[in-house]
Amino acid sequence: MYQFSGKLKTFSLALILLGALGIAFSFWSVPKSIEEVKEIISHQSSHDGGHETSKTSVKKDIHQIEVIEEVQSKEQNVDAHHVNNEVEVDSTGVSHVSNGIKEIHDTIVENNHEPMHVEETLHVAEDAHHSDNHDAEHAEHVFHQLKNKPWSALYVSLFFFLGVTLLVLAFYASQRVAQSAWSVVLFRVMEAITANLVPTSIIMLIVVLAAAFHINHMFPWMAEGIVDPTSANYDPIIAGKSWWMNVPGWTIRSIIYLSIWNAYRWFIRRNSIKEDTANDGYKTYKLNYNVSVGFIFLFMISESMMSWDWIMGLDPHWFSTLFGWYVLASLLVSALTVIAFVTIYLRSKDALPGVNDSHIHDLAKFMFGFSIFWTYLWFSQFMLIWYADIPEETTYFAMRFNEYKLPFMAMIVMNFVFPILLLLNSDFKSIPWFVVLGGIVILLGHYVDVFIMVMPATVGSQWSFGIAELSALLFFLGVFIYTVFSAFAKANPVPKGNPFLKESEHFHYYNIEHRGEGSGDHH
Amino acid sequence: MESSKVIHAFYTDDEVLMDAVKAVIAKHHHIEEVFCPFPVHGLDKAMGLAPTKLAITAFFYGITGLCFAIWMTNYMMIQDWPQDIGGKPSFSWVDNMPAFVPIMFELTVFFAAHLMVITFYMRSRIWPFKEAENPDPRTTDDHFLMEIPVHNNEAELTALLATTGAVEINIVDKH
Numbered sequence: 000m001y002q003f004s005g006k007l008k009t010f011s012l013a014l015i016l017l018g019a020l021g022i023a024f025s026f027w028s029v030p031k032s033i034e035e036v037k038e039i040i041s042h043q044s045s046h047d048g049g050h051e052t053s054k055t056s057v058k059k060d061i062h063q064i065e066v067i068e069e070v071q072s073k074e075q076n077v078d079a080h081h082v083n084n085e086v087e088v089d090s091t092g093v094s095h096v097s098n099g100i101k102e103i104h105d106t107i108v109e110n111n112h113e114p115m116h117v118e119e120t121l122h123v124a125e126d127a128h129h130s131d132n133h134d135a136e137h138a139e140h141v142f143h144q145l146k147n148k149p150w151s152a153l154y155v156s157l158f159f160f161l162g163v164t165l166l167v168l169a170f171y172a173s174q175r176v177a178q179s180a181w182s183v184v185l186f187r188v189m190e191a192i193t194a195n196l197v198p199t200s201i202i203m204l205i206v207v208l209a210a211a212f213h214i215n216h217m218f219p220w221m222a223e224g225i226v227d228p229t230s231a232n233y234d235p236i237i238a239g240k241s242w243w244m245n246v247p248g249w250t251i252r253s254i255i256y257l258s259i260w261n262a263y264r265w266f267i268r269r270n271s272i273k274e275d276t277a278n279d280g281y282k283t284y285k286l287n288y289n290v291s292v293g294f295i296f297l298f299m300i301s302e303s304m305m306s307w308d309w310i311m312g313l314d315p316h317w318f319s320t321l322f323g324w325y326v327l328a329s330l331l332v333s334a335l336t337v338i339a340f341v342t343i344y345l346r347s348k349d350a351l352p353g354v355n356d357s358h359i360h361d362l363a364k365f366m367f368g369f370s371i372f373w374t375y376l377w378f379s380q381f382m383l384i385w386y387a388d389i390p391e392e393t394t395y396f397a398m399r400f401n402e403y404k405l406p407f408m409a410m411i412v413m414n415f416v417f418p419i420l421l422l423l424n425s426d427f428k429s430i431p432w433f434v435v436l437g438g439i440v441i442l443l444g445h446y447v448d449v450f451i452m453v454m455p456a457t458v459g460s461q462w463s464f465g466i467a468e469l470s471a472l473l474f475f476l477g478v479f480i481y482t483v484f485s486a487f488a489k490a491n492p493v494p495k496g497n498p499f500l501k502e503s504e505h506f507h508y509y510n511i512e513h514r515g516e517g518s519g520d521h522h
Numbered sequence: 000m001e002s003s004k005v006i007h008a009f010y011t012d013d014e015v016l017m018d019a020v021k022a023v024i025a026k027h028h029h030i031e032e033v034f035c036p037f038p039v040h041g042l043d044k045a046m047g048l049a050p051t052k053l054a055i056t057a058f059f060y061g062i063t064g065l066c067f068a069i070w071m072t073n074y075m076m077i078q079d080w081p082q083d084i085g086g087k088p089s090f091s092w093v094d095n096m097p098a099f100v101p102i103m104f105e106l107t108v109f110f111a112a113h114l115m116v117i118t119f120y121m122r123s124r125i126w127p128f129k130e131a132e133n134p135d136p137r138t139t140d141d142h143f144l145m146e147i148p149v150h151n152n153e154a155e156l157t158a159l160l161a162t163t164g165a166v167e168i169n170i171v172d173k174h
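Sequence lines, in order, name chains C and W.
Following numbering that gives the first Met the number 0, the residues of the first sequence are numbered contiguously, the last one being 522.
Following numbering that gives the first Met the number 0, the residues of the second sequence are numbered contiguously, the last one being 174.
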């Protein structure tokens, strides 16, 4: 049996403590008054470097003017060209050139309008009047964003860890439903990881209730009077969606999702351990199979709805029909990576006797495959919106592309290009340190992915990666290590009662040589 | 010519065949070829063959397809006959790149798959109307055949193969 070492326990507790302190500090350091915010804004504009957070209205004003000038100068150029041509060429040529002008003009007008779809920029355009009233409004807007910041930082890490743990649970259920043999020696690893579902669900419940009771304001559709036609806050689009997006419904649904997942986890963990000693003609095994089938069904529904409620609801005007899949893909590839990491670690501690290089190879194949799957879904969502170019849809990407360019681009490279290059080769997939290298990039990439799902909606241009974000990450990492390894230490690392155990232990992908084996050991 | 003489050993089970191949290799005899009705996993390693380079060629064929797709979309949609589709007449390949990604993906797969199949056929010396090389039609049904060149060691080889579970051992002159 594996023993949760004191060193690792101390390390995880230190992470939790450090993270908790950082989270507390980030909540404490939120500006308390609008005056402080105005000071921050003026500070930001005086330090107008290239940094995203210091992009201020002043800079945007300049940009706006530049674009307009560009339009004018281009039109003049084309006009001159037009005149020259008129003298020289026949009428067909002229009409061609004037078509060209129209096209260029249209393009420029379009380019000019595009950034204005972003709410932020709309404010900016009005800023040109420099009315005091608007400055105050802008300051209040930034004040809201800064108040959201520590909540959002917590929420990004919370959602990432909760989601990854949930997808490990779903993957585990899928292995039971498929009656797959190769992964049986990894069952206890996956079960141990799902132990992290309990603390993350509790914290999620707190965040959900805090949102429902207006303690945090990450979800703009919860604002007061938003569905009341007589209110100044009235938003007809949200009013039209209020049959789904209303606080009681949202809260109840959130609680239902968390209950379903935790109920299955509690049941399957208990019954999986029961399998070891059941000796009842696989009655327990079959029961676990049936319950897992039911869970997969409920999971697919609750996961999609969860992604609408918890993530898409942050941008309540925007919608995407494949959003549930996209979130699923992101969390699934991270979940497989986490299983691989924990497996490689425990194996290096000699805690997993049945696991060989072929199991690592299979996990790495999943990491590779689901990375491509994520890219496919991400691009499917992006390309349709880009091509159709409907303002209400493009706001989502305009915001992310304008204010989050670096993480947005880095995420695509980390989640697609790196996995392709690192894990394409079959031999590399069975080398643990190589899998860890690829996995670190994948996990960071998908953290950034969640960051980009949440932050633009809640803090807008006020984002940064500082104490708040880092401490939330450390806190949940500490919770993860503590719960996972203490859960793993509580059960037999080999699921002895599983009928496919032997097959799993003998699992051997023919094409790879296990460490410490020569070609003579093959077959 | 002495070396044109070969020994043909027949087996009816891939497990038995694998053990036989290992036994023959352990005695340092050279196996010329093994004919199988279906692929036997691990046979190449047991015979001591070098790993296949087909995967590497597939990678480069994929890159070729990707480059071809980039060239093709640029020539068709930007250079030769610029088109305004969906209000995106930027006439720049980079700006319109997302629209070309499906084409880039498909041609990468197309090139990798087709050229790899052609390479495999050429490497295996298979082409249309080619006469079959396998020495016995039973290897296309339910028999496995191991071919070992004979170098004045007929008796020794026959004795060895008899112990490995061969159902039939023939000595034939190869033309």
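Some clues are possibly wrong.
[As the list claims (entries may be wrong)] List time: in silico DSS-like cross-link candidates among lysine-lysine, alpha-carbon distance up to 27 Å:
| no. | chain 1 | residue 1 | chain 2 | residue 2 |
| --- | --- | --- | --- | --- |
| 1 | C | Lys364 | C | Lys146 |
| 2 | C | Lys501 | W | Lys21 |
| 3 | W | Lys21 | C | Lys364 |
| 4 | W | Lys87 | C | Lys404 |
| 5 | C | Lys489 | C | Lys501 |
| 6 | C | Lys348 | C | Lys364 |
| 7 | C | Lys501 | W | Lys44 |
| 8 | C | Lys146 | C | Lys31 |
| 9 | W | Lys44 | C | Lys364 |
Don't read these hints as lab results, they were simulated from the structure.
Against the structure, the hints come out as follows:
A hinted pair counts as satisfied when its Cα atoms are at most 27 Å apart, and C/Lys364 with C/Lys146 does not qualify at roughly 42 Å. The hinted pair formed by C/Lys501 and W/Lys21 meets the criterion: a straight-line CA distance of about 25 Å does not exceed 27 Å. With a C-alpha separation of about 30 Å, the suggested pairing of W/Lys21 with C/Lys364 is violated against the 27 Å cut-off. For the given pair, W/Lys87 sits about 22 Å from C/Lys404 by alpha-carbon distance, which is consistent with the 27 Å threshold.
Pair hint C/Lys489 plus C/Lys501 holds up; C-alpha atoms about 23 Å apart against a cutoff of 27 Å. Restraint check: the Cα-Cα separation between C/Lys348 and C/Lys364 comes to about 23 Å, which is no more than 27 Å; the hinted pair holds. Straight-line distance between C-alpha atoms of C/Lys501 and W/Lys44 comes to about 25 Å, which keeps the hinted pair within the 27 Å bound. Our distance criterion of 27 Å between C-alpha atoms is met by C/Lys146 and C/Lys31, whose separation comes to about 9 Å.
Note on W/Lys44 and C/Lys364: the hinted pairing holds, with a Cα-Cα distance of about 22 Å set against a maximum of 27 Å.
In this structure, the earlier hints numbered 1 and 3 are contradicted, and the remaining ones agree with it.
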